[in-house]
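Here the structure of chain A is known, so what remains is to put chain B in place on it, guided by the hints.
Protein chains in written order, with my numbering: chain A, 4 to 115; chain B, 1301 to 1414.
If you are wondering where the hints come from, they were derived from the structure by calculation, not from laboratory data.
Not one of these hints is a red herring.
Once the Cα atoms are required to be at most 30 angstroms apart in a straight line, the calculated BS3-like pairs of lysine-lysine come out as:
hint : chain 1 : residue 1 : chain 2 : residue 2
1    : B       : Lys1357   : A       : Lys45
2    : B       : Lys1314   : A       : Lys45
3    : A       : Lys45     : B       : Lys1311
4    : A       : Lys73     : A       : Lys5
5    : B       : Lys1371   : A       : Lys45
6    : B       : Lys1357   : A       : Lys70
7    : A       : Lys45     : A       : Lys73
8    : B       : Lys1357   : A       : Lys73
9    : A       : Lys73     : A       : Lys59
10   : B       : Lys1357   : A       : Lys5
Not close to chain B: a few residues of chain A, all C-beta gaps over 12 angstroms, as computed:
hint : residue
11   : Leu14
12   : Val16
13   : Glu18
14   : Gly19
15   : Ser29
16   : Gln67
17   : Phe78
18   : Asp81
19   : Ser87
Have a look at the derived ranges for each label pair, beta carbon to beta carbon:
hint : chain 1 : residue 1 : chain 2 : residue 2 : range
20   : A       : Ser23     : B       : Lys1371   : 41 to 49 angstroms
21   : A       : Gly19     : B       : Thr1414   : 39 to 47 angstroms
22   : B       : Pro1308   : A       : Glu48     : 20 to 28 angstroms
23   : B       : Lys1371   : A       : Pro17     : 45 to 53 angstroms
Remember, predicted model here, so these are calculated numbers, not experimental data.
Yeah, the Cβ is synthetic: ideal placement off N, Cα and C, and Gly gets one too.
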Amino acid sequence: QKEVEQDPGPLSVPEGAIVSLNCTYSNSAFQYFMWYRQYSRKGPELLMYTYSSGNKEDGRFTAQVDKSSKYISLFIRDSQPSDSATYLCAFILTGGGNKLTFGTGTQLKVEL
Amino acid sequence: DTGVSQDPRHKITKRGQNVTFRCDPISEHNRLYWYRQTLGQGPEFLTYFQNEAQLEKSRLLSDRFSAERPKGSFSTLEIQRTEQGDSAMYLCASSSLRLAYEQYFGPGTRLTVT
Chain A
4 QKEVEQDPGP LSVPEGAIVS LNCTYSNSAF QYFMWYRQYS RKGPELLMYT
54 YSSGNKEDGR FTAQVDKSSK YISLFIRDSQ PSDSATYLCA FILTGGGNKL
104 TFGTGTQLKV EL
Chain B
1301 DTGVSQDPRH KITKRGQNVT FRCDPISEHN RLYWYRQTLG QGPEFLTYFQ
1351 NEAQLEKSRL LSDRFSAERP KGSFSTLEIQ RTEQGDSAMY LCASSSLRLA
1401 YEQYFGPGTR LTVT
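For reference, chain A alone in the conformation it holds in the complex (with noise of 0.2 angstroms):
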């Protein structure tokens, strides 16, 4: 079983549909959970990360932790062309380095 499994897409809604994105994950040392968006041919770009279950809501998007299911979902409403990228998860173990382990990513095509 992978570590982390995320549905590679691609997904293509709407403007102005609501989007959900999702990883599962089967390690349960996972502490920190991230999503990162990754423009074609560019680095990825930190979104926005959170550390316990629940809801975090920044702007148009918000992260959803389940930990208890290991399941972690980002929201993006209203979404906009400019979001068209792909999406990543990524996890961290805390202790040592902090070092990052990443979904597949999603690509998210947002049409006009």
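Below, chain B alone, put in the same frame as chain A:
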């Protein structure tokens, strides 16, 4: 704050040649990370430094790979005797100790081995 920079952005080399990449982290960031990303995959951890000390290396980092951060500022990643399987995007990230979970990535160096 100019962000993380990497040089070169693209490198094409022939199998068997050596290549070296450079990363300049955000100034005053103590930690510097190297990751590798292949097409359709997420980045995979290679190694990290805290100041000039290399504290962890992934088993992905074969003995053909070496990384340095001699003065605790910029870092170099060298690949000796390149193989076609080394073709990937090599990403550098940095973080401060105060906000240790926030890693900021550079634009990457895309390596193509022919």
